[in-house]
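**Student:** What follows is each chain in one-letter form.
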Amino acid sequence: MEGLFITAIDLIGTFAFAISGIRLSSGKNIDWFGAYIIGLVTATGGGTIRDLFLGVTPFWMLDGKYFLTTGVALLAALLFKDRILRLGSALFLFDAIGLGLFTVVGISKSLEAQLPFWVAIVMGAVTGSVGGLIRDVLLNEVPLLLRRNIYALACVMGGLVYYLCTQLHFSTSVTELTAALVVILVRIVAEKFNIHLPVMSPVKQEDKDQPDRI
Amino acid sequence: MEGLFITAIDLIGTFAFAISGIRLSSGKNIDWFGAYIIGLVTATGGGTIRDLFLGVTPFWMLDGKYFLTTGVALLAALLFKDRILRLGSALFLFDAIGLGLFTVVGISKSLEAQLPFWVAIVMGAVTGSVGGLIRDVLLNEVPLLLRRNIYALACVMGGLVYYLCTQLHFSTSVTELTAALVVILVRIVAEKFNIHLPVMSPVKQEDKDQPDRI
Amino acid sequence: MEGLFITAIDLIGTFAFAISGIRLSSGKNIDWFGAYIIGLVTATGGGTIRDLFLGVTPFWMLDGKYFLTTGVALLAALLFKDRILRLGSALFLFDAIGLGLFTVVGISKSLEAQLPFWVAIVMGAVTGSVGGLIRDVLLNEVPLLLRRNIYALACVMGGLVYYLCTQLHFSTSVTELTAALVVILVRIVAEKFNIHLPVMSPVKQEDKDQPDRI
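Chains as they are written, first to last, in the numbering used here: chain A, -17 to 196; chain B, -17 to 196; chain C, -17 to 196.
Don't take each hint at face value.
It does not matter which identical chain is meant; a pair holds if it fits inside one copy or across any two.
Unchecked claim - Below, computed lysine-lysine pairings styled on BS3-like, alpha-carbon distance capped at 30 angstroms:
| hint | residue 1 | residue 2 |
| --- | --- | --- |
| 1 | K10 | K174 |
| 2 | K10 | K63 |
| 3 | K47 | K91 |
| 4 | K47 | K174 |
| 5 | K10 | K47 |
| 6 | K10 | K91 |
| 7 | K47 | K63 |
| 8 | K91 | K63 |
Everything labelled a hint here was simulated from the structure, so no lab data went into it.
I would like the entire structure built from these sequences, with the hints used as guidance.
**Tutor:** Following this line, the structure appears as structure tokens:
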């Protein structure tokens, strides 16, 4: 029963991430297959990099459902284009849910591999946010992740709450659920109230032209 | 004899991919060593990512011939610049041959690693097309692979034909040759007749500015 | 004593690389956490790719000091912004020292893994220069590494000197120190006297539009 629930959330997260990638491919002279690839990279990129760091086989090589879900997302985007791409707030919610779940998956998988907790938190953030990073690089944009925005930071906060729950001896499922909820809420609240960290202010131009720009 | 043939094709593919990278470095304030690196990444990037996914040592670490071939390609580009860079259709043909061969190499290597067939097809496409993807990212362009163009899709078609041949119990060499030819022909025919998938049409601007752009 | 010295140099290199990333994040609408990530990627990206190639656990997963040092670098950049970011020549020197040390670390680690010498030299160059490459890709610029500039080439020269010293049966510490110094000196001299390889001259436009642009 619990496994079914996790699978459902996992697929919803994959679907939402894939849609976000496919959506950003619109109007850029990218064809259907290119959009599929962008969707796939958005949905699976973070977990793939995590698995390479952990030295294990990338998760999507063991189960075809991520490729299929991305295919369904492309089909949905093509069939119900106007409707699905206008589902702004619902998509945002899906994406936040995906972020929360993927973060928790990354943390749990790293703890199972006996890694220290701070590494697990890093892996959670990698799992949640690197897919979108690669997507932005492929689309030739400065990654949204880096701009003023609570995104990877929401993953880190979820990771800290995960740690806290573990110290308080909460059960695994309560811990995972709590941490995922924190990621989701931080993400939503920050977006709704436009909360973000300060940006790095510019250095004066004459300094920038120095030869120390390595 | 067969080994010699494969080595020859392998080096021709490497050479053509390297030339395509070096060529695109022209006129971008990139120096000779930078052009060499771009050529190298174009020729070896796909196989390297495949090997990281498979969890094996990157192929070029085991044999210096790929670095040497790229060096020869750079030398050729510098010595016979006007002639070699104007060899438009011959280079295109070389590149298509390289694409076909690299795809088949990727599939065979994955099947030897006991992976399911669909994963092997993905690995074939990764081997054939990711080098050009990284090249475009480094040159700060939206990857050609994503734009309207039958490229990665040709690899996938070759992979499906590979599967078909296996099901029909063809010998390994016939299977590999047939699959490589399919990739090459699909690529050439698509380019010649300007066949491509539809592009993703733009979403209306007001939708794009929604906060759901994650 | 020697271990302490190496740790100190290692941390100085990390700090300098982190500062170079953080500095380039200024004035690009990147927030503090984004600047931290850019600093981290600059300082650890090269060694991470090397470790993935070598098939070992990324070095930063085994020791938190690289993440901490990057945090200190961000703090320093925020607190002493005007002063630290204007420290042009000192930062350049730090960065050159980091480049020399990281190159030597990459070579030594690869030789310990029983790799052939030419692979070790490649790994040295990867360790020293790929962090800056990823930084530039994330900041959506053509990597400085590729432009006219003695950077990766300095790593290769250091690697050749490392080989020479080994052939002359120098002790490990003398070999490492000599190679690092060569990298540092080549880098500084090339920058000071504006020495660089020729750039790739442009191909005529009509050639570039050929279908061979794969």
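**Student:** Does each hint hold? Answer for all of them.
**Tutor:** Checked hints:
no.: 1; hint: K10 - K174; result: both (28 angstroms within a copy, 23 angstroms between copies)
no.: 2; hint: K10 - K63; result: within (16 angstroms within a copy, 33 angstroms between copies)
no.: 3; hint: K47 - K91; result: both (19 angstroms within a copy, 23 angstroms between copies)
no.: 4; hint: K47 - K174; result: neither (33 angstroms within a copy, 36 angstroms between copies)
no.: 5; hint: K10 - K47; result: within (28 angstroms within a copy, 38 angstroms between copies)
no.: 6; hint: K10 - K91; result: neither (36 angstroms within a copy, 35 angstroms between copies)
no.: 7; hint: K47 - K63; result: within (23 angstroms within a copy, 48 angstroms between copies)
no.: 8; hint: K91 - K63; result: neither (35 angstroms within a copy, 39 angstroms between copies)
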